[in-house]
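Residues per chain, in single letters:
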Amino acid sequence: MQIRAVANSLTFRYIVKYVTVLSATVFLLQAVFYVYFSYTSFKELGDSVVEELETLQLVYRGQALAGVEQYIADQRSSPSVNRFYYLVTDKSGTKVTGDLPVAPRYREFDDGWLGFEMALQNWGESVDVDFLARPMDLGDGYKAMVARDYADIVERAELVFRTLVRVMIATLILGITGGFFSASRALKQVEQLNKEISRIVRAGPGQRLQVGGDKGYIGALATVMNQMLEQMEALMQGVRRVSDNIAHDLRTPLTRMRNNLSQLRDRPDRVAGGQLDQIIEECDELLSSFNALLRISALESGNRLSGGHDVELGALLRDVVELYEPLAHERDIALVLDAPQPQLCKGEADLLFQMFTNILDNAIKYTPPRGHIRVQLRTNASGVGHSVLIDDSGPGIPLGERKNVFRRFYRVESSRGEHPGHGLGLSLVQAIAQYHYGTVELASNHPGLQVWVHLP
Amino acid sequence: MNVLLVEDDKQVGDFIVAELRAAGHSCVHALDGEAGQQAAVGATYDVMVIDRMMPRMDGLELIKFLRKSGNHTPVLVLSALGDVDDRVQGLHWGADDYLVKPFAMVELLARLEVLHRRVSLPGTDAPTKLVVEDLSMDLLRQYVQRRDTPINLQPREYKLLEYLMRYAGQVVTRAMLLEHVWGYHFDPQTNVIDVHVSRLRQKIDKDFEQPLLATVRGAGYRLGPELVD
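Line by line, the protein sequences are chains C and F.
If you read the first sequence in the working numbering, its first letter stands for residue 1, the second for the next number, and so on.
If you read the second sequence in the working numbering, its first letter stands for residue 1001, the second for the next number, and so on.
Mixed in with the good hints there might be a few duds.
Stated by the list, open to error - Here are the simulated lysine-lysine pairs, BS3-like style, with alpha carbons at most 30 Å apart:
1) K1159/F with K365/C
2) K1101/F with K1159/F
3) K346/C with K1159/F
4) K1064/F with K346/C
5) K1206/F with K365/C
6) K1159/F with K1129/F
7) K143/C with K43/C
8) K365/C with K1203/F
9) K346/C with K1101/F
FYI, nobody ran anything at the bench for these hints, they're computed from the structure.
Given the structure is predicted, the values throughout are model-derived calculations rather than measurements.
Construct all of the structure, not just a fragment, from the sequences and the given hints.
So, in structure tokens, the structure goes:
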């Protein structure tokens, strides 16, 4: 399966869109969570600082400055990692006690909050740490400031943020991979359907779709399409049956008429003998049309060739060319056969002979005097199957008409009246080729017509 | 010619009987397979015309029975089915010729006469020489001459003339020529056969007063002295 085909498929593109929207939503939720987390963390920090200040004030009120000094000393010696830092100054702003420098460079926040950066010794290394601080009057001109570093909060926030980003990337990757696989699965089904439909186009409307064991939407689609094919086939059969019945029913009275006419002609008084001959000839033409029509129907509606005999195409074509050589000679047309190697083909010799004579008959009919016709038996490059090419120097068939000429009773407008024929010759050619699992193609011979018959 | 017709369609059968009698032949008409079987066993005929699809006994069954019981009267099968398979099957079971309905009466008559002629030729051994008036064909040396003039023929022209000479004096249809001279059973869109015949005519009739190869309108050809009405 081609990656490009999958990437371009509707399912994949849909899933990519879906995953993108999903990721954006997840991201938004995560951002809200992150903001909430940071906010509550800082609020807790702030609250703890305010609480500590209040404790200091209580201590000051109870035990005066000495108590505060004692309290701060106690706190400093406690093993807690995230501890508070203190500064107590007197009226003149001189440091009385505490472990913060007198005037670090503050950044002022709202509501009397201050922020500053200070180097701390951590495992013997000097690390710059951000602090959040709040000053407070203790009374008697003494001022206290409690600070707390928030590196841990930042760290945790960063951890949360990284986790969120990873979750999002994972969502995207998993979503798109999943999308790729489900798209390729859907595409496989569509491709199978495509193959099945192509098979039906080749083999004719009698075939049905076989989409193996799929109960999903492709299976449902196949069922509907099979119903459609059934209707189509029924309609086609109906139309065909009507024309067959007409041909069949008219054939018998026509034959009787022909027999009566020939009796009439053989009577001794010979009334209007010439006219009778003409009527008999026209009867024969009608009969041959009906016969051709019924033969085409029999070939198309019945089973295709099963088994068949070995037919040597080279010899068969020699016979065809030999049969038509005098006619070509009479019309001053050069008829050449090129069949260097014998080629065996499974088939019915009579039908194949009929097919090639029909093609050659047309070629002779449409090629002007001093023209040429070549019949070539070619070996296919692949070594499988046989190709027969019959080309002429006649007027050819316009591109737009090439499909139509295989239709029953269809005749190229310009040849109507000019050339005799019932418009069934090429229909029969196609029916015979298809009966042998082969195809017929028309191409331009620049100028003229090329008729290709491909047989398996 | 004494003909047994086994045909269940009364209308078609009556018509064939009338036509055969008008052409100077005698004819017995059996209306189904079993009646045909009794008639075939009870008397001898020159040729038999047997319909393919019949009640009680199928045409092919009847032919199988006749051949098994040692009856080798030539049989022409009539059939509404024109399939290749049908034709091959019919000939396989011992029919000598096959005609698809509906058919032109001239075609049936011509074929019956040829079938009759084939068995009634004097000396069933293969002849070595064919003679029609002053035209003669030496089958061993493949040599043709008219009076004392040798006639040079292409292989297919030779086969064509041979067939016409074997059934000299009889009407031979185009379809019969295609089947027996060319060996293919098919419907030509144009009368290609006519061109071959006129070539042959050029060679055998051109320098002679009496034409031997005549076209029978609406039927085919006849080799032999000109018939005077």
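Consistency of the hints with the structure:
1. K1159/F with K365/C: Holds, because 27 Å separates the two Cα atoms, which is no more than 30 Å.
2. K1101/F with K1159/F: holds (29 Å)
3. K346/C with K1159/F: Distance ~28 Å between K346/C and K1159/F Cα, so the pair holds.
4. K1064/F with K346/C: Measuring from Cα to Cα gives roughly 29 Å; hence the hint holds.
5. K1206/F with K365/C: Given pair K1206/F, K365/C holds - Cα atoms ~28 Å apart, limit 30 Å.
6. K1159/F with K1129/F: holds (14 Å)
7. K143/C with K43/C: Status holds; Cα separation ~23 Å.
8. K365/C with K1203/F: Since the Cα atoms of K365/C and K1203/F sit roughly 26 Å apart, the hinted pair holds (cutoff 30 Å).
9. K346/C with K1101/F: Holds, because 29 Å separates the two Cα atoms, which is no more than 30 Å.
Hint compliance for this structure: every hint is met.
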